[in-house]
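Here is how the chains run, residue by residue.
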Amino acid sequence: MKASATREWLKKFLPYASLLVLIVFLSIASPYFATAGNISSVIRQTSVITIMAMGMTVVIASSGIDLSVGSMIGFTGVLGALLIARHEPVFVALLGAIAGGALCGLINGVAIAALRIPPFIATLGTLGVYRGVTLMITGGIPVANLTRDFGVLATGTLFGWLPVPLLFVVFTALLIHFVLDHTKLGRYSYAIGSNAEAARCSGIQLAKYTVFIYVLNGALTGMAGMIEAARLVTGQPTAGDGYELRVIAAVVIGGGSLNGGRGTVLGTIVGALIMALLSNGCNLLGISPFLQQVIIGCVIVAAVTFDEFQRRRVG
Amino acid sequence: MPLPLLEMTGISKSFGGTPVLQNVDFTAWAGEVHALVGENGAGKSTLMKILNGVYPRDTGTIRIAGEDVQLRSPHEAHTAGISMIFQEHTLAGHLTVAQNIFLGMEPKRAPGIIDNAKMNRRAQEVLDAHGFRLPASAEVQRLTRAEKQMVEIARALSSASRVIVMDEPTAMLSHRESEELFRIIGGLTERGLAVVYISHRMEELERIAHRITILRNGQRVYTGEYGSVDRAGIIRHMVGRDIHELFPKLNPPAGEVVLEVRGLGDGKRYRNISFQLHRGEVLGLGGLVGAGRTEVARGIFGLEPPVQGEILLNGSPVRFASPKEAVAAGLGMLTEDRKTTGIFPDLSVIHNISIAALDRVVTGPKLKLSDELAQCRELIRSLDIRMRSENQTIFRLSGGNQQKAIFARWLFAGSSVLLLDEPTQGVDLGARAEIYNLIKRIADRGAAVLMVSSDLPELIGMSHRIGVMRNGELAAILQADATGQEEIMRYAALEHVP
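These protein sequences, in sequence, are chains A and B. This note's numbering applies: residue 1 is where the first sequence begins, and numbers increase by one. This note's numbering applies: residue 1001 is where the second sequence begins, and numbers increase by one.
Just so you know, not all the hints are guaranteed correct.
What the hints assert, rightly or not - Stretch by stretch, here's where chain B covers chain A in the computed footprint (C-beta under 8 Å, at least three residues): (1) 179-185; (2) 201-215.
As the list claims (entries may be wrong) - Computed cross-link-like contacts, PhoX-like style, restricted to lysine-lysine with a CA-CA straight-line distance of at most 25 Å: (3) Lys1324(B) / Lys208(A); (4) Lys1118(B) / Lys1108(B); (5) Lys208(A) / Lys1049(B); (6) Lys184(A) / Lys208(A); (7) Lys1366(B) / Lys1324(B); (8) Lys1368(B) / Lys208(A); (9) Lys184(A) / Lys12(A); (10) Lys1108(B) / Lys184(A); (11) Lys184(A) / Lys1049(B); (12) Lys1108(B) / Lys1049(B); (13) Lys184(A) / Lys1366(B); (14) Lys1368(B) / Lys184(A); (15) Lys1268(B) / Lys1249(B); (16) Lys1249(B) / Lys1440(B); (17) Lys1339(B) / Lys1049(B); (18) Lys1324(B) / Lys1368(B).
Hints listed in this document are in silico derivations from the structure and should not be mistaken for laboratory results. As the structure is a computational prediction, the values presented were derived from the model and not from experiment. For every residue, glycine included, the Cβ atom is placed at its ideal position computed from N, Cα and C.
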C-alpha cells in the first residue's frame, strides 16, 4: 500500500520535477538561458504547440487521438490569411480560423462517433484530406503580401513586455481547466476515456460528447493556426506539418495517458515546456539538431514507458 | 506415512512494508479437494500467486512431493506440476481451442514447425476424455464463458499437473455447467491430483471439499476436515465475528405498480416476458446463465432496446432507445460485470458516484463542486464505503466497496427503479451482508428493484417474488417465502414441470 502510494505520488510529480531539474541545469549550463530575451523567445516558439496541446488533452483524456491537427494548422492559417488578404480585420480573420478549425473537428467527431471509425484511423484520413484541400485552395502557393499588423498576434507585446501569444496560451489554459474540472463535458471526457461502456450505462451520450470534444479541439487548433500564420506573416499551406506528434508528446509527457481517463492542463503545459526547453537547451549548448531529435524521441519513449509501467504495476 | 503432495510452510509476504501473509502453512494431499476460503484481502490470492510463481515469497518453504522447489516464475511452477485456473480468462481469443490448450508447448514436426494435425488430434483427445463437448478447431472467442473455462481446464490437464488451483471457477457458470465442473473435479482427484478450490459459495464447498483452510488478515486461522466446522463456524473464522442473519427481513411492498412489461421480446434471446414491479418490491429474476435474464434487464434499460411488447412506467408507455433516456426517466442499472461496465477505474469515488446525475449539481455550464462533494460524502458515510482518501481512484477499493459506490451512483441519481444484475458477484461475505441491507433500504424507500441473480439462496432470501426464466421465456413467478431451491431449479432447467 505504502509503495503504491509512493508510486502514485511519483507519477504525479515526475513531470514537474523533471521541468525543475531541466531549468536548474540549463541556468547553470548556459548564462544566456535565464535572460528575458531567451525566455520570451521560448514562449513565442512554444505557444502554438501549447494551445494545440490544451485541446488534445481533452481528446486524449477521452481515450481519443487527433492526428489531423498539424494539417488543420495549415488549413486554418491559410483561411485566416485569405481573410486578411481581403482586408478583413484581424479579429474577423481569427474567428474565421477558429470556425474553420471547429468545422474540421466536427468532421473528425462525426466520422468517429457516427461512422464508428477508430479515432486513430479517422484522423489519419483527415490528416491527408485537410492538407490536400489546403494545397488545392492555394495551388500550393503561400498566401503572402499581408498587412504587417496581422503579425501582432504572434510578435506583438502588451505593456511592452507581455508577449501576445502568451495571452492566448493563458486564456486557453484557463478555458480548458474550467472545461475539464467544472463542466459536464470535462467530467464526461474523463469518464468516456476511463470506461466508455460504463459511460454508456451511466446514461452519457457518447456520440454527442465525442463530437463536442473534437469540435473543441478543432476550434483551439484553428486559433493556433492563426497564430502560426501570424508568426510567419504568411498563409503557408504546409504549415504545421508534423506538429501532431509534438502536441501528443506534450500531453503524454505531462501525465496524459493514451489509455484515457487522465491528463491535466497544468501537466500538459509542463509537458510542452519540457519539449520546448529541451529544444532550446540543445540550441544554447550547441548540440546538433540531429541529436536533438534523438533526445526528444527518447524522452517521449521514457515518459510513455513510465506510464505503462505504472499501469502494469497497478493492474 | 505418505508425504503430502503440496506442502507450504511458514509463508510470509509483505508489499511495501504491509504484511499480506504471515507465517502461513498450507498442505494438500493427493486426491483431495482442499477449500481455501477467506474474505477478499485475507491473502488467498497472494498465497496462490506465490504458489504459481507470480510473486516471490519473503520467507517459507514449498515442497512438492517432498522436494524443495523455488518457483521463481509461472514457468517454473508449471514445470513443477502446478496449474492455475484464474477467475478471469487468460485465453487468446483469436486462436483455436487446440492452439490455446497447447500454447507454448505445441507438438513440433521439426524445430520451429508446429505439427497442427497432431496438436488438434491430441487436443480433441483431452477434450473427449473429460467429456468436454467442444471441437478442438473452434475459435475461442466464439465460445461461451463456460466453454472457455473448459478450455482452461483442458489446458491445465494437458500438462503434467499434480496440483490444480481453481479461483472461483463457478462464478461465471450456470447450475448445469457447475455440475459438469464438479464431475470433472471428481475425476481429477480420482487420478491422484490435488485440487485447491477457492470459493465463497458454501453450498458448493459442502459438496466437493474434503478439507478446508480459512485465512483471515493474512493468517491461517483454521485447517481441518470439511465437516468439522459448520457454516456459521466458517463465517465466524472468516470475519472474526458472527453474522447472524445474512439476509435482512424484507418489509412487504408498498403497493402500486411502478414498472410493468407486457410481452417483451428482442426477437432473439427472450420473448413474451410480462411482469409487474411494485413500489418497495424486490423481484428476483432467476434461471440458468444464458436463459435471457441479463438481456431482459438490458432491454428494459435501453442498452439493447426490445423489439416486441411494451413497457409501462407509472402507467404510461415508455420506450427507451438508450440508457440516457432510461436514466432520465428514473431507472438505474447495476451491470453484471463491474470492471468492464460499472466502474470508471481512473476516476475518484466521488466522481464515480455523481457521474449518472451531474445535472443535479449543475447551474448553467458550471458544476457546483461543493454541492457534489457534500452529497457524495453523505452517501459515502451512510453506505459506509471505506477508502483511504476522497481522491483515491475507485480502482484501488475492494470489490464490495466498489459495488457500494455503484449503488451510491443510483441513489445519487434518485432512481425509482433499480435493475441489479448479479449484485454480489465478486463481493466478499462481510460486504455481501451490507449490500443486502442496502437493497432492503432502497426498497423501503419506495424504489422498485429487479434483481437478476444466479445465487439461489440470495434469490430466495432477498426477493419478495422470484421470476424464473428458461430458454428466453418467463417460466414462472413464485412467492419467495413459499418456494425453495428445488422448485426454482425445476422451472429453470426442465422443459415441463409436472
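Inset, instruction - Sort out whether lysine 1049(B) lies within 25 Å of lysine 1108(B), counting only the CA atoms. - result: Not satisfied, since the Cα-Cα distance of roughly 30 Å exceeds 25 Å.
Inset, instruction - Compare the distance between the alpha carbons of lysine 1324(B) and lysine 1368(B) with 25 Å, and conclude whether the hinted pair is satisfied. - result: Roughly 22 Å separates the two Cα atoms, so the pair holds.
Inset, instruction - Measure nothing beyond the straight line between the CA atoms of lysine 1366(B) and lysine 1324(B); if it is 25 Å or shorter, mark the hint as holding. - result: Given that 25 Å is the threshold and the Cα spacing comes to 20 Å, the pair holds.
Inset, instruction - Take the region 201-215 of chain A, compare each residue's beta carbon with every beta carbon of chain B, and decide whether three or more fall closer than 8 Å. - result: holds (count 5)
Inset, instruction - Given that the region 179-185 of chain A was listed as covered by chain B, double-check it with a C-beta distance under 8 Å for 3 or more residues. - result: Coverage by chain B holds for the region 179-185 of chain A (4 residues, Cβ < 8 Å).
Inset, instruction - Decide if the proposed pair is consistent with the structure: lysine 1339(B) and lysine 1049(B), CA atoms, cutoff 25 Å inclusive. - result: Given pair lysine 1339(B), lysine 1049(B) holds - Cα atoms ~21 Å apart, limit 25 Å.
Legend entry - lysine 1118(B) paired with lysine 1108(B) [C-alpha distance capped at 25 Å]: Roughly 9 Å between the alpha carbons, so the hint for lysine 1118(B) and lysine 1108(B) holds.
Legend entry - Agreement of lysine 1249(B) and lysine 1440(B) with the hint, judged by alpha carbon distance not exceeding 25 Å: Holds. Lysine 1249(B) to lysine 1440(B) sits at ~8 Å (cutoff 25 Å).
Legend entry - Agreement of lysine 1108(B) and lysine 184(A) with the hint, judged by alpha carbon distance not exceeding 25 Å: violated (57 Å)
Inset, instruction - Sort out whether lysine 1366(B) lies within 25 Å of lysine 184(A), counting only the CA atoms. - result: Satisfied, since the Cα-Cα distance of roughly 8 Å is no more than 25 Å.
Inset, instruction - Verify the proposed pairing of lysine 184(A) with lysine 12(A), using a straight-line Cα cut of 25 Å. - result: With Cα atoms ~24 Å apart, lysine 184(A) and lysine 12(A) stay inside 25 Å; holds.
Legend entry - Restraint status (C-alpha distance of lysine 184(A) to lysine 208(A) at most 25 Å): Answer holds: lysine 184(A) to lysine 208(A) is near 12 Å, not above 25 Å.
In summary, the numbered hints that this structure violates are 5, 10, 11, 12 and 15.
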